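Asks: From just these sequences and the hints, can you work out the full model?
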Amino acid sequence: MRKALHRFIDGGFEALAEAPRPGRPPRWMREDLDALEEMLDEAVARGVIWTLPALAEWLRRERGVDVDSSWLSAVVIRRRPNLETDSSIR
Numbered sequence: 638m639r640k641a642l643h644r645f646i647d648g649g650f651e652a653l654a655e656a657p658r659p660g661r662p663p664r665w666m667r668e669d670l671d672a673l674e675e676m677l678d679e680a681v682a683r684g685v686i687w688t689l690p691a692l693a694e695w696l697r698r699e700r701g702v703d704v705d706s707s708w709l710s711a712v713v714i715r716r717r718p719n720l721e722t723d724s725s726i727r
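Numbering (my numbering), first residue to last: 638 to 727.
Read the hints as simulated data drawn from the structure, not as lab findings.
The structure displayed is predicted, hence computed values, not measured ones.
Quick reminder that beta carbons are idealized off the backbone N, C-alpha and C, glycines included.
Check each hint, because a few of them may be wrong.
Unchecked claim - Label-pair ranges, simulated between beta-carbon atoms: (1) R683 <-> F645: 45 to 53 Å; (2) I646 <-> E679: 47 to 55 Å; (3) E699 <-> R658: 20 to 28 Å; (4) D647 <-> W708: 34 to 42 Å.
Replies: If you want it as structure tokens, here you go:
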């Protein structure tokens with residue numbers, strides 16, 4: 638907190654926005670998951686069924702996002718709580 642306060646005093650709000658965040662950068666962005674959800678909605682309309690490994694490969698190929706299918710499973714279930722009855726994913 639002290640560092641942020643000193644940055645603000647020295648450079649105002651701009652200094653706070655430019656401060657790098659610690660840790661590993663995120664592998665995906667909300668836009669990536671939105672694109673995945675849109676693609677799944679289109680898949681349902683066409684009657685296409687996707688597996689989680691195939692979804693992970695789609696994200697890697699189309700969006701440049703490298704995720705494990707087991708992690709993707711948890712994210713998709715959180716975003717699509719009706720997954721049990723969703724015909725686009727098996």
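Asks: Next step is simple, just say for each hint if it's right about the structure.
Replies: Structure-based check of all given hints:
1. R683 <-> F645: 45 to 53 Å: Since the Cβ atoms of R683 and F645 sit about 52 Å apart, the hinted range of 45 to 53 Å holds.
2. I646 <-> E679: 47 to 55 Å: Holds - the Cβ-Cβ distance for I646 and E679, about 51 Å, lies within 47 to 55 Å.
3. E699 <-> R658: 20 to 28 Å: At roughly 26 Å between Cβ atoms, R658 and E699 fall inside 20 to 28 Å, so the hint holds.
4. D647 <-> W708: 34 to 42 Å: Once the Cβ atoms are compared, 40 Å apart, the range 34 to 42 Å for W708 and D647 holds.
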